[in-house]
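Visitor: Sequence:
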Amino acid sequence: MVLTAVAAKGASKASTIKLITLAVGPPAPIAKLNLSTTAPVIPIGGSTTLTATLVDGTGAALPGVTVSLDKKVTLGTIGPSSAGSDVTNAAGKATFTYTAPSTAGAFANQHFADLVKAYVNVSGKVAADTQYASMLIFVSNSNTPDWRIVTVQGTPDLNLNTSMATQDTTTITVKVTDFAGTGLANKDVDPVLSTQDAWNVSVVAAGAGSNRTDATGIATFTVGTTASARTGQNATTVAVRFKVRNDASQVNDQVGILLYSSTSSGQYSAKLAISTRAMPALNPATNATNAANVTIQVTDKLGLPAAGVPVIFQINYGPLGLPAEFPWSYDYGTDYGTPRYLGGGLDLNSFGIGSIGGNFTSNPGQAFSSMAWGVENFVEDYEAVGDFPLIDACDATGNATIQNGVLEAFGALPLSPWPAGFKQPWLDYTKVGGTYILNVTSTTNLLGQMTVPLTALPHRMDNSLQIRAYVGQKPGTTFNVTVDDCNFVAKINNNAFAIDTGMVISRSPVFALGSAWFSQPAFNSKGEVATVHARFYTKDGPLADPEVFLVRGAGSAARNVGALSTLSRQSAATFGTISAAKYPAQYANNVLSWDVRDQFYRYRVFDHSTWPWTFHDVFNVPLGASQTVYLAFVPADMRFAYGGRDQMFAGSLGDYWIAPTFATLIAKIPFEFRIGYYFVPGGIYASAAVDKTLVPEQGTATATVTVTDQSGSPLANATIFSGPFQNVTNALGQASFTFSASSGAVENLVVVSAPSGEIARAWYGIMASPPVLSYATPTVTANAAGTASTISVVVTNQVPVAGTTTVLLTVGGTVVAAKTISIGASASQTVAFDYVFTTAGSYQVGFGNQVVTATIPAPPPTPVDALVTYGLPIGLLVAGLVVGLAVGVVLRRRRKGPPGMEAEKGTKSTEEELGSEDL
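The opening position of the sequence shown corresponds to residue 0 in numbering that gives the first Met the number 0, with each subsequent residue numbered one higher.
Keep in mind that the hints were calculated from the coordinates and are not lab data. Quantities reported herein were computed from a predicted structural model and do not represent experimental measurements. The C-beta atom is built at its ideal place from N, Cα and C for all residues, glycine as well. One should not assume that every hint holds.
To be verified - Pairs of lysine-lysine residues, derived as DSS-like cross-links and limited to a Cα-Cα distance of at most 25 Å, are as follows:
| # | residue 1 | residue 2 |
| --- | --- | --- |
| 1 | LYS667 | LYS71 |
| 2 | LYS538 | LYS473 |
| 3 | LYS538 | LYS667 |
| 4 | LYS70 | LYS538 |
| 5 | LYS473 | LYS124 |
| 6 | LYS691 | LYS667 |
| 7 | LYS581 | LYS667 |
| 8 | LYS92 | LYS71 |
| 9 | LYS525 | LYS473 |
| 10 | LYS538 | LYS116 |
| 11 | LYS490 | LYS525 |
| 12 | LYS92 | LYS116 |
| 13 | LYS490 | LYS538 |
| 14 | LYS667 | LYS70 |
| 15 | LYS667 | LYS116 |
Claimed, not checked - Distance ranges between label pairs, derived from CB positions:
| # | residue 1 | residue 2 | range |
| --- | --- | --- | --- |
| 16 | SER162 | THR102 | 25 to 31 Å |
| 17 | ALA287 | VAL590 | 24 to 30 Å |
| 18 | ILE657 | ALA411 | 17 to 23 Å |
| 19 | TYR316 | GLY526 | 19 to 25 Å |
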């Protein structure tokens, strides 16, 4: 419940709100809807019955309620099993029939996952999301995989001489087959090459219509040098692909054709081969994952095997993630503290370029002098696996980050600053992150070949994968892979050319959740643990021993629930999966049972007051409000789709689930279900008081919680929880803790747990405020326009809290100046501003709601400069007068008047030598 308080004074209004929680005692006003079926995996066109069960907070049936379906998200058809069966009966049950699509046209080459969503509308209930339920129905597609597979046949000559006067040609034969390997007739095959490569070679049908496959699936082509290639005697490797025209369901081959001249060297042709072009991900007899070998053949311009040529392979992502992976061979050193790359592959699934086959530079011992190189340094970076971190790719300074404190708290070494040359912003200059350089060390053998095995990963759909080979090294460069551990991106650099080859890995069987139910109808603050039971099914019936993750939380908040004891920390990410091999006692009669809590039991808090930092566990208080708790089983069984794991992180962490976006599974699908939670008031009472209600911003106060029983007697040894604070009441039933408030009104919850298990709650609040100023009438010392006038005001702090605040000067209602002041609690002081008005006039100046008129006079007149005022001719005249006056002064000093005056007394010479004293 939200209460709003409004305060008014004159025309001014202010309001505040307070959230009030109401505790609801048993029976809980909850309506919980659940969906179940005994056949969640059905064939194409098949049907299954879904049962919707609606109960209240005690588990009693709720009859007469209509169950509605959201059909917008369902591809199949669904409706009541019979007239009126969508209304719950006396047992609280309603039934529906789901029918799968009659053909796989909308989901060729895959099993289809259809979503059924149901809901009810029962008023007056809490934890409203428990009135919704959903279920995944898998439609098992048993049709034969429908694919076209294009393969270059044999070992064609892939070298063309551009030094010949006439066109040099070679013939390439391709075969188009289906998934079973049967040749397909009448398929148009097209060569595909880039515009640049088409400048060097032409690819045409070897004969009339030979680009269309014959009865055995064969098509033939002639590849020849172009006139432009012969004129320039070009030397390069051209990639030519052969593909079926206008067919989305295909894989194909791309070969590297070498154009060479009589003087060229160091360039190669190449072709890829796979031990099988089509296979299921899982062996149907053993349920083991299938494997295949990828081989590249590299030749020089003489057609001889080219040894020592650097090569790596890449498997990129399919629609549901990696369809297969190359071996990853790495010793994590957990037994003896020295990790070592064993020269096998590179798992970059989390770094954007998939799985890499081949070998790379090793840096055993993580030599700091070459920290920017080597697989060990990349893997052990703090941002990656980080079992033995030396540096942090997100922190160039090393010991300045919070992570180092965590490392030291766990007894690890502090991190070091980046070594010289480590920062390589090769991918995105707007980002900062350290980049590791992994030089390619895998090369072709004496036969010009390199072979790497791959292992399929089980998915619910067929995967068409093009395995890419990066071959050779550009002159003057180093063939490498660069990996940014900070931004989790990687890039392949400096290879001479690349080709690829295709294969199909067909879909794996699926299983699904048929039903999930709990040992109690809802969680509550006195019963935070319940047992969840679940039944799973394949298309053939019940599955007795599925391996799954069990996660709690909706969407991106989903986290592994952790141990069966339900005492896990929030860091239960590496707890792993639930399987019959590890927990056989939890599987019986085709039912998996597991104890779950409404939330994590505890979480880790670091103490930053000491160095190295230490940590301790804080136990979660019961949830304070009625709500819905979301859970989901996530399939993680390697015998079925969705069982594939990543390699690099799983090798260290095991079956981890850090977040849905960072979990060991390559592909994920949740089987979601829900349960309600409500708070139960107990027979104890709690109150909370603070030693002060007003503090400065970032100030502290002490809260004291008092706990009593129903008779009002103090209750000792009760545990109080409030955020990160935890304490135990003394003999007076009291416990205290100091907390801080940043700014504004702060209201916190205290939850009290008595030794008897009873629960009580209380709230405490505080206001963190800066000084609040009132303003006297401003005083203006007005000076002429163009010079500074002084505007001052006496401010008074209206609250008994010292601190800093800002005084704003307004002119004409616009803020023109600001000044930050420090003022004591309930103190007054004068604040003055010097402000220059540019023109004379009257101005409204003020602070807050105090405004006065400032009358600014015009500046005094400026004396006239005659030279400027009258111009040059008059200026010369004035100058002449001044000179004449000076001469008159001199003459008077010699007791003579000016020449004009002497003329009046008689004629006399006007020329007379001046003495030195007159000069």
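Visitor: Is it true that the CA of LYS92 sits at most 25 Å from the CA of LYS71?
Guide: Holds. LYS92 to LYS71 sits at ~23 Å (cutoff 25 Å).
Visitor: Under the criterion that the straight-line Cα-Cα distance not exceed 25 Å, is the pair LYS538, LYS667 satisfied?
Guide: Given that 25 Å is the threshold and the Cα spacing comes to 19 Å, the pair holds.
Visitor: Is it true that the C-beta distance of ALA287 to VAL590 lies inside 24 to 30 Å, as the hint says?
Guide: 27 Å, holds
Visitor: Can you confirm whether the C-alpha distance between LYS691 and LYS667 stays at or below 25 Å?
Guide: The hint is violated at about 52 Å.
Visitor: Between the beta carbons of ILE657 and ALA411, is the distance compatible with 17 to 23 Å?
Guide: Check passed, 19 Å falls within 17 to 23 Å.
Visitor: Hinted pair, alpha-carbon criterion (25 Å max): LYS538, LYS473. Please report holds or violated.
Guide: Answer violated: LYS538 to LYS473 is near 53 Å, above 25 Å.
Visitor: Could you grab the alpha-carbon distance between LYS92 and LYS116 and see if it respects the 25 Å cut-off?
Guide: It holds: about 16 Å lies between the C-alpha atoms, which stays within 25 Å.
Visitor: Between the alpha carbons of LYS473 and LYS124, is the straight-line distance 25 Å or under?
Guide: 70 Å, violated
Visitor: Is LYS581 close enough to LYS667, meaning Cα to Cα at most 25 Å?
Guide: OK: LYS581 and LYS667 at ~21 Å, within 25 Å.
Visitor: CA of LYS525 to CA of LYS473, is that 25 Å or under?
Guide: 69 Å, violated
Visitor: Does the alpha-carbon distance linking LYS667 and LYS116 stay inside the 25 Å limit?
Guide: 19 Å, holds
Visitor: Measure nothing beyond the straight line between the CA atoms of LYS667 and LYS71; if it is 25 Å or shorter, mark the hint as holding.
Guide: 23 Å, holds
Hint compliance for this structure: hints 2, 5, 6, 9, 11, 13, 16, 19 are not met, and every other hint is.
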